[in-house]
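Colleague: Line by line, the protein sequences give chains A and B. Per the working numbering, residue 1 is the first one in the first sequence, and the count goes up by one each step. Per the working numbering, residue 1 is the first one in the second sequence, and the count goes up by one each step.
Bear in mind the hints are in silico, worked out from the structure with no lab data behind them. Check each hint, because a few of them may be wrong.
BS3-like, lysine-lysine: derived pairs with alpha carbons at most 30 Å apart [as the list claims (entries may be wrong)]:
| id | chain 1 | residue 1 | chain 2 | residue 2 |
| --- | --- | --- | --- | --- |
| 1 | A | K218 | B | K159 |
| 2 | A | K319 | B | K159 |
| 3 | A | K233 | A | K319 |
Below, a sample of chain B positions facing chain A; criterion: calculated Cβ distance under 8 Å [claimed, not checked]:
| id | residue |
| --- | --- |
| 4 | G90 |
| 5 | L168 |
| 6 | T171 |
For every residue, glycine included, the Cβ atom is placed at its ideal position computed from N, Cα and C.
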Amino acid sequence: MSVPAGHGASVRIETCGKTFADGTRALEPATLDIARGETLVLLGPSGCGKTTMLRIIAGLELPDAGGRVLFDDNDMTSVPIERRNVGMVFQSYALFPNMSVADNIGYGLKIRGMARQERAARVAELVALTNISGLENRRVDQLSGGQRQRVALARAVAIRPGILLLDEPLTALDAALRDRLRGELNRLLRSLGITTIYVTHDQSEAMELGDRIVVMQKGTIAQIGTPREIYFKPKNRFVAEFIGAANIIEAPVENGDLVLPGGRQPIGGEASQTTAVAMIRPETIRIVEEGAAPLSGTIDSVSFVGDRQRMLVSGASDKVLTVDAPNTVKAQAGERIGLLIAAEVVRLLPPENRG
Amino acid sequence: MRDRLIFTGQLLFTLLVAAFLVVPAILSISAGVTVNYFRGISSGVTLQWVFQVWELYAGTILLSFVVAFATLVLTLVAGVPAAYALHVRGGRLSRIIEEVITLPLAIPGLAIALALLFTYQGFGDFRRSWLFILTGHVIYTMPFMVRSVMAVFATIDIKTLDEGAASLGATPWRRFRDVIVPNAVPGILAGSLMVVTLSLGEFNLTWMLHTPLTKTLPIGLADSYASMRLEVASAYTLIFFVMIIPLLVAMQMFADQEQKR
């Protein structure tokens, strides 16, 4: 792996599945390796099994028989969470209402029998690191959402865990705060260099924070890869559509060209192919004069969103294409235009059932 | 003008209701310090009945408090962990157990007492000791403790707090001590208040379970009404009030303070 050797433990889960008592299968048996110091994001819609996988790694759920959890090659499967030395940030933060901010942060250190003075020093260090100076003696219910999030993070990191586990830590916050904290969190994780497993349903969080992303779908791993791989080379339709916007076109192929109502689009496929499922990202399509590209269509609508403009183009494919054009392009609804798409940006997906 | 009328009406109604509740108590208490109730207060005021009651029933009164606090201790020791376990475990079995614990609320005290008598008739020493009454009181008051603690757990997501403490390395016992109990304090206080007052005032069960040597306050009261002058029984009521009201006020104040904190 290209990740530099960091702190903390490496994690391996082996054929870990989870079936709940009522018979629902939350997670199909999955195997996954997480390198020392790596930040791995488990990404997927709700109910995809990502939280179950995190809870198995944490020790809050036992995998079905046959599953194993290893930290640094030590079998931890039956070790309870309190002896796994993991730091965990919960979606609801789980701060103790009966303790002050400082006592919350220092609780794990107290459990470990750290002397009072040493503990105070470590708490002060984390208060500074997470930018919550001045709040040490507050009660938890006197904090804002963002402050709670920082306290929860400080508390989890204070114990110098081998692995840091975060379960949708930003979901409870409003959008603006979420963006700011995401940046802060990213810097903090990089500076700590600790093995981190991060669960989210938000693809931009996953892209920004993850060294690698595990996209999950209905209890199975759909794809594992770097943010770039996941974005540019999705393995299937589900991944393509879940990450960012995607045009998915199913059409016949002749001599390596997609045959579309608006013209022929070259794709980098094999000459022998007769049909293809192709994915084209909206920002990879260039708007040109009609006739300057093999493919042409009519603009249905233009929405200007500041940094770019989103156009819906009909007539080129049997479905309406979404195009993200630079904000300098002048085009209006009703206009005929050419669509220039390089063969390399067309990603061919395996022909498969939807879902 | 109309508002004033409405206000006066409401005030009168409130006073009437208050009088309805308070006047019998005052009459009873005043009878306890009257020389001769049938001749009225004009016969003079005396504390002789009160002293007489104290002489006769000091042991009963003491036993009542012993039973009440022993009941409290037992419901705390068994009820709080039970509430925690039932809440965290969840599922059908927990529901069933919760229902079983709650059952004594719906069953007449007499029936519970009969069941206890059947069960323990062979254990003469136990049957004759105050522990037998204690057993009945614990069964009867347990649901109040378990329910009020569980009600608090339901409002604070105790399960995630427990998992949070566990992730920081705390053993189950540490978690219970450092996180679960401190956050359940409002429910524990409310439950304690219920348990102590219910135990002190319990009559149904205790009437069946008591022996001449193991009587509690309400049993002593019934005894004195049945066998002594009305003034003596009234003096008994007076003592009952004097004992229980400061206790109730103190616990209520303690609970209020805890909520404000």
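Colleague: If a hint holds in the structure, say so; if it doesn't, say that too.
Modeller: Structure-based check of each hint:
{"no.": "1", "hint": "K218(A) with K159(B)", "in the structure": "holds (26 Å)"}
{"no.": "2", "hint": "K319(A) with K159(B)", "in the structure": "violated (49 Å)"}
{"no.": "3", "hint": "K233(A) with K319(A)", "in the structure": "holds (22 Å)"}
{"no.": "4", "hint": "G90", "in the structure": "violated (10 Å)"}
{"no.": "5", "hint": "L168", "in the structure": "holds (3 Å)"}
{"no.": "6", "hint": "T171", "in the structure": "holds (6 Å)"}
In this structure, the earlier hints numbered 2, 4 are contradicted, and the remaining ones agree with it.
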